[in-house]
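Undergrad: Work the whole structure out from these sequences, hints included.
Chains as they are written, first to last, in this note's numbering: chain A, 78 to 406; chain B, 18 to 216; chain C, 304 to 940.
For the record, the hints were derived by calculation from the structure and aren't laboratory data.
Computed from a predicted model, the values in this text were never measured in an experiment.
Treat the hints with care, as some may be off.
Said to hold, decoys possible - Computed cross-link-like contacts, DSS-like style, restricted to lysine-lysine with a CA-CA straight-line distance of at most 27 Å:
#1 Lys176/B / Lys198/B
#2 Lys86/B / Lys474/C
#3 Lys327/A / Lys406/A
#4 Lys141/A / Lys474/C
#5 Lys176/B / Lys86/B
#6 Lys176/B / Lys474/C
#7 Lys198/B / Lys667/C
#8 Lys503/C / Lys933/C
#9 Lys198/B / Lys86/B
Residues per chain, in single letters:
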Amino acid sequence: MRTGRVLLLSIISAVAGCSGNQAALDPQGAPAIHIEHLIIGITIVCTVVWLLVMIVLGWALLRKRSSDSSQPGERSLTMIVGSAVAATVIIIAGLTIASFYTTRGIGLPENAALTITVRAQQWWWQVIYADPDPVLSFQTANEIHIPVGQDVRIQLESADVVHSFWVPSLAGKQDLVPGRSNSLLLRAERPGIYRGQCAEFCGLQHTHMAMMVIADEPADYQRWIAAQRENEAIPTDQDAAAGKIVFLSKPCAACHTVRGTPATGTTGPDLTHVGSRQTIAAGLLETTRGSLAAWIADPQTLKPGNNMPMVPLNSVELRNISAYMESLK
Amino acid sequence: MTFGSINDTRWSILATCLLVVAGAAFLGWAREPRELRTDPPVVADLDRFRLMSDGISGAPPESYFAEGKPYESDAYNLSQGQRLYTWFGCQSCHGDGRGNVGPSFLDGWWLYGPETVSIVASIRDGRPHGMPAFRDQMTIEQIWQLAGYVQTIGAYSAKVAATGRRDDRYTRPAENRAPAKILFNEGPVGAHPDQGPSP
Amino acid sequence: MTTRHEGEDLRDRGLDEMELDRRLSQTWSTPAGLWGALSTVDHKIIGRRYIVTAFVFLALGGILAMAMRLQLSQPEARFIGPDRYNQIFTMHGTNMMFLFAVPVMEAMAVYLVPLMVGTRNIAFPRLNAFSYWMYLAGGLLLWIAFAVDTGPDVGWFAYVPLAGPQYAAGKRADIWAQMITFTEVSALAVAVEIVVTVFKQRAPGMSLDRIPLFVWSMLVTSFLIIMAMPAIMIASSALILDRLVGTHFFNPAEGGDVLLWQHLFWFFGHPEVYIIFLPAVGMVSTIVATFTRRPVFGYLAMVMALIATGVLAFGLWVHHMFVAGLPRLGESFFTASSMAIAIPAGLQIFCWLATMWAGRPVFKTPFLFVIGFMVIFVIGGMTGVMVASVPFDTQVHDTYFVVAHFHYVLVGGAVFPLLGAIYYWFPKITGRMMSETLGRWAFGLIFTGFNLTFFPMHILGLQGMPRRIYTYQPEMPWSGLNMFVSLSAVILAAGFLLFFIDAIRSAVSGTAAPANPWEASTLEWATSSPPPPYNFARLPVVGSLEPLFNNPETLPVASGLSVDRRELIVSSVVEALPEARESSPGNSIWPLWSALATTVLLIWSIFTPWAVVWGSIPVSIALIGWFWPKGTPEDDA
Numbered sequence: 078m079r080t081g082r083v084l085l086l087s088i089i090s091a092v093a094g095c096s097g098n099q100a101a102l103d104p105q106g107a108p109a110i111h112i113e114h115l116i117i118g119i120t121i122v123c124t125v126v127w128l129l130v131m132i133v134l135g136w137a138l139l140r141k142r143s144s145d146s147s148q149p150g151e152r153s154l155t156m157i158v159g160s161a162v163a164a165t166v167i168i169i170a171g172l173t174i175a176s177f178y179t180t181r182g183i184g185l186p187e188n189a190a191l192t193i194t195v196r197a198q199q200w201w202w203q204v205i206y207a208d209p210d211p212v213l214s215f216q217t218a219n220e221i222h223i224p225v226g227q228d229v230r231i232q233l234e235s236a237d238v239v240h241s242f243w244v245p246s247l248a249g250k251q252d253l254v255p256g257r258s259n260s261l262l263l264r265a266e267r268p269g270i271y272r273g274q275c276a277e278f279c280g281l282q283h284t285h286m287a288m289m290v291i292a293d294e295p296a297d298y299q300r301w302i303a304a305q306r307e308n309e310a311i312p313t314d315q316d317a318a319a320g321k322i323v324f325l326s327k328p329c330a331a332c333h334t335v336r337g338t339p340a341t342g343t344t345g346p347d348l349t350h351v352g353s354r355q356t357i358a359a360g361l362l363e364t365t366r367g368s369l370a371a372w373i374a375d376p377q378t379l380k381p382g383n384n385m386p387m388v389p390l391n392s393v394e395l396r397n398i399s400a401y402m403e404s405l406k
Numbered sequence: 018m019t020f021g022s023i024n025d026t027r028w029s030i031l032a033t034c035l036l037v038v039a040g041a042a043f044l045g046w047a048r049e050p051r052e053l054r055t056d057p058p059v060v061a062d063l064d065r066f067r068l069m070s071d072g073i074s075g076a077p078p079e080s081y082f083a084e085g086k087p088y089e090s091d092a093y094n095l096s097q098g099q100r101l102y103t104w105f106g107c108q109s110c111h112g113d114g115r116g117n118v119g120p121s122f123l124d125g126w127w128l129y130g131p132e133t134v135s136i137v138a139s140i141r142d143g144r145p146h147g148m149p150a151f152r153d154q155m156t157i158e159q160i161w162q163l164a165g166y167v168q169t170i171g172a173y174s175a176k177v178a179a180t181g182r183r184d185d186r187y188t189r190p191a192e193n194r195a196p197a198k199i200l201f202n203e204g205p206v207g208a209h210p211d212q213g214p215s216p
Numbered sequence: 304m305t306t307r308h309e310g311e312d313l314r315d316r317g318l319d320e321m322e323l324d325r326r327l328s329q330t331w332s333t334p335a336g337l338w339g340a341l342s343t344v345d346h347k348i349i350g351r352r353y354i355v356t357a358f359v360f361l362a363l364g365g366i367l368a369m370a371m372r373l374q375l376s377q378p379e380a381r382f383i384g385p386d387r388y389n390q391i392f393t394m395h396g397t398n399m400m401f402l403f404a405v406p407v408m409e410a411m412a413v414y415l416v417p418l419m420v421g422t423r424n425i426a427f428p429r430l431n432a433f434s435y436w437m438y439l440a441g442g443l444l445l446w447i448a449f450a451v452d453t454g455p456d457v458g459w460f461a462y463v464p465l466a467g468p469q470y471a472a473g474k475r476a477d478i479w480a481q482m483i484t485f486t487e488v489s490a491l492a493v494a495v496e497i498v499v500t501v502f503k504q505r506a507p508g509m510s511l512d513r514i515p516l517f518v519w520s521m522l523v524t525s526f527l528i529i530m531a532m533p534a535i536m537i538a539s540s541a542l543i544l545d546r547l548v549g550t551h552f553f554n555p556a557e558g559g560d561v562l563l564w565q566h567l568f569w570f571f572g573h574p575e576v577y578i579i580f581l582p583a584v585g586m587v588s589t590i591v592a593t594f595t596r597r598p599v600f601g602y603l604a605m606v607m608a609l610i611a612t613g614v615l616a617f618g619l620w621v622h623h624m625f626v627a628g629l630p631r632l633g634e635s636f637f638t639a640s641s642m643a644i645a646i647p648a649g650l651q652i653f654c655w656l657a658t659m660w661a662g663r664p665v666f667k668t669p670f671l672f673v674i675g676f677m678v679i680f681v682i683g684g685m686t687g688v689m690v691a692s693v694p695f696d697t698q699v700h701d702t703y704f705v706v707a708h709f710h711y712v713l714v715g716g717a718v719f720p721l722l723g724a725i726y727y728w729f730p731k732i733t734g735r736m737m738s739e740t741l742g743r744w745a746f747g748l749i750f751t752g753f754n755l756t757f758f759p760m761h762i763l764g765l766q767g768m769p770r771r772i773y774t775y776q777p778e779m780p781w782s783g784l785n786m787f788v789s790l791s792a793v794i795l796a797a798g799f800l801l802f803f804i805d806a807i808r809s810a811v812s813g814t815a816a817p818a819n820p821w822e823a824s825t826l827e828w829a830t831s832s833p834p835p836p837y838n839f840a841r842l843p844v845v846g847s848l849e850p851l852f853n854n855p856e857t858l859p860v861a862s863g864l865s866v867d868r869r870e871l872i873v874s875s876v877v878e879a880l881p882e883a884r885e886s887s888p889g890n891s892i893w894p895l896w897s898a899l900a901t902t903v904l905l906i907w908s909i910f911t912p913w914a915v916v917w918g919s920i921p922v923s924i925a926l927i928g929w930f931w932p933k934g935t936p937e938d939d940a
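TA: In structure tokens, the structure reads:
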């Protein structure tokens, strides 16, 4: 029976999958919490309405009809249908008002103290922590850190096509539209790692355009900021030092930046602290030496159509450069 | 609605439909899908083109012809080339193709010949009087994509696969409108006097 | 110009049935053979063709869906790569929306509306033929392009800049945009024909309050088509111009706007779904009336609800753009209007429920599909109310929740009534009954398969799974449900397969159908199954909303129409008082030539703008041939 199945599915999903770090029903940020209340509220109302309609449908079809062919009163039917319509109007009005209240409850991003700029590219997220003092500004990619309990305004820009910034555990989504400057309010109530994904079809690798938003306690956040502001960690390991030479002599430096080295390319993600990030290739792989090597060796097999070319490297070069990348914490 | 004799209209309609379907299926099977990842040995072969001794013109590798000259005729590669033109700073010397400090691609005067392989050599190895070598900054596949695109800037008849305008400020007609044909009379820009007579 | 003299205009007065049938058949029939098939203007033949073609596209679209489900059944599967997958989901959406959903509803109207209003042919019959050829050409263009790996890969909505000149390489997006032109020309043509047929060709006595609800729904739909299609024609033409010629409609750097595309597209796109849904409403009303053996409760309310839905449909489009960064106040207005459209829809549901309650249901296959519609469409409507809310939508937009929502409303709200309608009108169209047993099985499989396939998608969306992705990571909690969905899709496919088998088998060798197997009340059942080429031997005169209920044995008819030339009655808009005998064009090959010329122009213009200039020459020649008087008797009237 349908109700039973719905109930069962809800229970299963509540137990198994509604939680997780990319789920609207597991909100950890203020905007998402407001929306979750609305979701639950509307769902309950709508389920009740649907059940009522189904009950009336079943009754209308299966009710015992007297053998004479007398028709029931059109007048009373009119009254009933009229009341049902009136009830519909009231429910719709109520849901609309509830929606408006939720919108109001979600703060405006313009009021936030901290602004982080996210510039979407095909198919990665450029993150810019701007500071009035240019020396203190830095860029990173695909991973955003925010302090817990503070409103953060994400300034949304696009370098190419329409993308959408969506971290469901923290907030609803907002598009990044070329030629427009949108903004989104994020606010995390608890520390944690929240996954997000691009939510507007943007081409071949829209599928693999994820990001991590990491909410830190204020002290951890300040520590992270200070670390990110540093230039590259000079490699101490022999393999990593050799890897740095490979990095600078191959096409890598033409597209990527590693602050503190002559590599100042801007078409690809900033790699100054790539080793400190949770994932590489916009959430495709966990950052390990092996995955870095796999990615550099053959990006087109892992993420076909993305803009990183396959640079021919022999095994020694690959080993060294992956060591270097991992060392850039 | 039965299928009566073989002369019935419906048989001819059905036959036509099946023919169309079969034709489309054959074309689909025959045509290559868009290649997002070229095989590494083929890519390595792209580096092994042969140039004439004066660096003007030469022959692409055999595998290039076997692939159907993809960097000149494939829309995907040409659009990647368009992207690379911006990304690798070609505009700083060549402007939008009409030249600046560096020579124009639109004046009909290909200093080293209009063949793709010459343009590839220019980008990969550099040329005298200021063209840097990009062999350490781009992969050979990217260089071929860029060369194919540069060729369409200077083409006199637009290829079907040529790119459209960029989502940027408008400075000249797009590659699919044969800008060289439209802008030819504007004359050459940026040619070094040592590089011979201009048109 | 004609060689007919006075006195040779033989009228149908005084002719006996057999003589009348002989002469009318001679005048109205389509000759056998290929030439007849290509030059027919009989709305029934064209309507049948339209329906069959649309169902072929449905099957093709379904195969695409099964391919997608195969790829998504497991995380990081490698069956289909990103490029091909992007083409597949674009083709699935484009095919279903432009080549199946709208055309099939139009096709049902093309076949049924003239019969239901009691006339001999649709208005502008040659335009009708032209519209079918344009539709076929557009469909072939799209599918052949897909077969040669040039299918569009930018989504069925083709947002710029992704579909624009810089980011969509090749001709894929141009083919999409030009296919739009084909199908919209075709749809506009049919819409115009339906409006004129319904307003001016009704049987005498069929005043506005005696028009069957299906005809009302098609009338409102036709107005929606006329008002909404131009928006997407402008949009797709602007896109081709940007790509081909270098205009800057959507280029922010030169004063264009990326959101302009979205506004233009969705100004069409939202009414589009009502263009698909409203005819289904008409079908449901018809089936409910017949299978509860009473007229639908609240005729006036139903008509008002149809019109209200049609009008409101134009005030909702921004709900597709709730996350594009528009001002909050504006978005909130569209929340209110999007919620408000639930009210006329609810009214219709309540009227049907009242009809069922007050009537005596007969549980034949068409009615089963209508019951399925009620269950599924109401769920879709509920999720529609959910996504109408801006904050709710910011979490579920572009996720599988929305995929579930629109499949519930489109499949539940349009395909279920359509399948019921096919079972219902199949006897009329083919003269044979479909199998009741297979029909029940098909219904059961489709209903079960549909719910098992699409309900879990609501959960997937709330679990964070976005749309239009060709795979997903194994770490995400989506694998189990995706596998479940993919397996359930097999049940759904089996149900459709059963339906197709039933339809084909019944068409070839089903039991012969009487004129009125369901004991229905509308005029199409007053003639044989299938109807003769001239529809009605003498056009009926209508005195009530259920002409066949009130006159079970004989219908009053009008006489005095010519039998030597094609003639029908033109009547007044409101009261349907007969105004004139109007001649109806005979068979003509010129619509085919015109369609071919237009096809050449449109496909050529994908490659060069000069095609518009040179290509218009054959089009002009074809149109001149079309309209040149031919000396037939019909020219005189």
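Undergrad: None of the hints should be skipped; say for each whether it holds.
TA: Evaluated hints:
1. Taking the CA atoms of Lys176/B and Lys198/B, the gap is near 13 Å; set against the 27 Å cutoff, the hint holds.
2. Using a Cα cut-off of 27 Å, the hinted pair Lys86/B and Lys474/C holds, with the two alpha carbons roughly 19 Å apart.
3. Restraint check for Lys327/A and Lys406/A: the C-alpha separation of about 21 Å stays at or below 27 Å, so the hint holds.
4. Restraint check for Lys141/A and Lys474/C: not satisfied, since their Cα atoms lie roughly 62 Å apart, outside the 27 Å limit.
5. Restraint check: the Cα-Cα separation between Lys176/B and Lys86/B comes to about 13 Å, which is no more than 27 Å; the hinted pair holds.
6. For the suggested pair Lys176/B and Lys474/C, the alpha carbons sit about 12 Å apart, so the restraint of at most 27 Å is met.
7. Under the criterion of a C-alpha separation no larger than 27 Å, the hint pairing Lys198/B with Lys667/C is inconsistent with the structure, at around 70 Å.
8. Between the alpha carbons of Lys503/C and Lys933/C the distance comes to roughly 25 Å, so the proposed pair stays at or under 27 Å and holds.
9. Between Lys198/B and Lys86/B the alpha-carbon distance is near 24 Å, which keeps this suggested pair within the 27 Å criterion.
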